[in-house]
Amino acid sequence: MKLIYSFILLSLIFAISFERTSALNHSYEKSPMAVMAYYTGNGTAINQYHVNELTHLIYSFLHIRENRLTVDSPADSITLLQLAALKKEYPHLKVMVSMGGWGGCAPCSAAFSTARGRREFARSTKQILDEYHLDGIDLDWEYPTIQGYPGHLFTPEDKHHFTELIKSLRHELGKHKIISFAAGGFDTYLRYSIDWRKVVPLVNYVNLMSYDLVNGYSKVTGLHTPLYSSPHQPESVNHAIQYLDSIHVDMHKIVIGAAFYARVWTAVPDTNHGLFQPGKFTAMINYKDFESYFAPDNGFVRYWDKASRAPYCYSAVKHAFGTFDDKRSVELKTKYAKEQGLGGIMFWELTCDKPDNGLLDTIYKTVQDSVSIPKQ
Numbered sequence: 001m002k003l004i005y006s007f008i009l010l011s012l013i014f015a016i017s018f019e020r021t022s023a024l025n026h027s028y029e030k031s032p033m034a035v036m037a038y039y040t041g042n043g044t045a046i047n048q049y050h051v052n053e054l055t056h057l058i059y060s061f062l063h064i065r066e067n068r069l070t071v072d073s074p075a076d077s078i079t080l081l082q083l084a085a086l087k088k089e090y091p092h093l094k095v096m097v098s099m100g101g102w103g104g105c106a107p108c109s110a111a112f113s114t115a116r117g118r119r120e121f122a123r124s125t126k127q128i129l130d131e132y133h134l135d136g137i138d139l140d141w142e143y144p145t146i147q148g149y150p151g152h153l154f155t156p157e158d159k160h161h162f163t164e165l166i167k168s169l170r171h172e173l174g175k176h177k178i179i180s181f182a183a184g185g186f187d188t189y190l191r192y193s194i195d196w197r198k199v200v201p202l203v204n205y206v207n208l209m210s211y212d213l214v215n216g217y218s219k220v221t222g223l224h225t226p227l228y229s230s231p232h233q234p235e236s237v238n239h240a241i242q243y244l245d246s247i248h249v250d251m252h253k254i255v256i257g258a259a260f261y262a263r264v265w266t267a268v269p270d271t272n273h274g275l276f277q278p279g280k281f282t283a284m285i286n287y288k289d290f291e292s293y294f295a296p297d298n299g300f301v302r303y304w305d306k307a308s309r310a311p312y313c314y315s316a317v318k319h320a321f322g323t324f325d326d327k328r329s330v331e332l333k334t335k336y337a338k339e340q341g342l343g344g345i346m347f348w349e350l351t352c353d354k355p356d357n358g359l360l361d362t363i364y365k366t367v368q369d370s371v372s373i374p375k376q
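Residue numbering for the sequence shown follows full-length UniProt numbering, beginning at 1 and increasing consecutively.
Hints may contain errors.
Straight-line Cα separation of at most 27 Å, DSSO-like style, residue types lysine-lysine; simulated pairs [stated by the list, open to error]: (1) K219 to K94; (2) K338 to K306; (3) K87 to K175; (4) K88 to K126; (5) K288 to K327; (6) K198 to K338; (7) K126 to K177; (8) K253 to K175; (9) K175 to K126; (10) K126 to K198; (11) K177 to K167; (12) K87 to K354; (13) K306 to K318; (14) K253 to K159; (15) K288 to K318; (16) K327 to K253; (17) K338 to K354; (18) K280 to K306; (19) K94 to K167; (20) K280 to K335; (21) K175 to K198.
No wet-lab data here; the hints were simulated from the structure.
On a predicted model such as this, the values are computed, not experimentally measured, just so you know.
Modelling step: build the complete structure from the supplied sequences, incorporating the hints.
Spelled out as structure tokens, the structure:
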């Protein structure tokens, strides 16, 4: 049975190498900064996207069971093998897995609270990376020491346990595998969840989730992924970067985040074009669906907040407000990462994008603009 299963997997991988779309035929120029995509799709859906424009592809998510990192299903196994096979076509590409995610890390606090639990997780991670020929692990624990997903355990000791977890992973994986973690972009996380001085030297990247700064629990609208702060909304990409710089975090390891989706509130009054107004969170809309959902026929008008360098839209007809990234804001974020000497830019997530002429293409073109690339 194992031989049959292995044959099927190998056949699928072989087939994938012949099914790449002709849209990916332009060459990748080596980038001085990372362009990372979180990805929730399967091993065939990836074919429609411009993988050559990425430096890192992070499959999301794997989970913990009895202290061990596990591949949840045979379908996930096939996907991991197919994604790893992309490296033959794109030798520059690093393929990783992410553990946890929002709502996906219920066992984290307990599992990582003991040396045995951390050791078992690190060893199982190495086994998976070796078995599937993957390049690294991303930890998306939301969140150590502070409340994240409702009902998930968190304790003050999580901060120390996270540090020890990173130590265990680095010891087990060695210096050549990539370790990154998804960091909250808001003040409480930045100040209380991580021992930055001890953790950052042991990881390759800190993926700053500089989105959802106004989340689905908010009863007031706002800009969920602004580049700069405003009087009404102090948290932003730049605000987080300034804080991390002030405590001497290595800026070359910080990867800022872009959102390939919108957050939508309804029952929003027609005041200030719906911005910073009471409302009810209703939906998340993928970038590829923006044109139809936020269409003028639905009454939506787009606006630009100069202070935050962020777009938003409002429909007086539907009393609906949307906050998101678009091509203009993503370009500005990418330029910001380059100008600040950061490690790069990442986004959640690739299947939200248009396969052609999407936000990833905007990031790629901006990165490849040699005029503003700082010398390293």
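Verification of the hints:
A distance of roughly 39 Å separates the Cα atoms of K219 and K94; the hinted pair therefore is violated under the 27 Å criterion. At roughly 21 Å between alpha-carbon atoms, K338 and K306 fall within 27 Å of each other, so this suggested pair holds. At most 27 Å may separate the alpha-carbon atoms for a hinted pair to count; K87 and K175 meet this at roughly 20 Å. Restraint check: the Cα-Cα separation between K88 and K126 comes to about 21 Å, which is no more than 27 Å; the hinted pair holds.
Of the pairs offered as hints, the one joining K288 and K327 holds, with about 12 Å between alpha carbons and a cut-off of 27 Å not exceeded. With a CA separation close to 26 Å, the supplied pair K198 and K338 stays within the 27 Å bound. For the proposed pair K126 and K177, the alpha carbon gap of about 9 Å is at most 27 Å, so the pair holds. The suggested pairing of K253 with K175 holds, with an alpha-carbon distance near 15 Å, which does not exceed 27 Å.
For the proposed pair K175 and K126, the alpha carbon gap of about 12 Å is at most 27 Å, so the pair holds. A threshold of 27 Å between alpha carbons decides the hint, and for K126 with K198 the separation of about 22 Å falls inside it, so the pair holds. Of the supplied pair hints, the one linking K177 and K167 holds, its CA atoms being roughly 13 Å apart against a limit of 27 Å. Taken as a hint, the K87 and K354 pair is honoured in the structure, with Cα atoms around 22 Å apart against an allowance of 27 Å.
Distance check on the hinted pair: K306 and K318 sit about 25 Å apart at the alpha-carbon level, within 27 Å; holds. Our distance criterion of 27 Å between C-alpha atoms is met by K253 and K159, whose separation comes to about 20 Å. For the proposed pair K288 and K318, the alpha carbon gap of about 21 Å is at most 27 Å, so the pair holds. Between K327 and K253 the CA atoms are separated by roughly 24 Å; this keeps the pair inside 27 Å, and the hint holds.
Simply put, K338 and K354 have alpha-carbon atoms about 24 Å apart, close enough for the 27 Å limit, and the pair holds. Between K280 and K306 the CA atoms are separated by roughly 25 Å; this keeps the pair inside 27 Å, and the hint holds. The hinted pair formed by K94 and K167 meets the criterion: a straight-line CA distance of about 22 Å does not exceed 27 Å. For the hint pairing K280 with K335, the CA-to-CA distance comes to about 33 Å; that exceeds 27 Å, so the pair is violated.
With a C-alpha separation of about 16 Å, the suggested pairing of K175 with K198 holds against the 27 Å cut-off.
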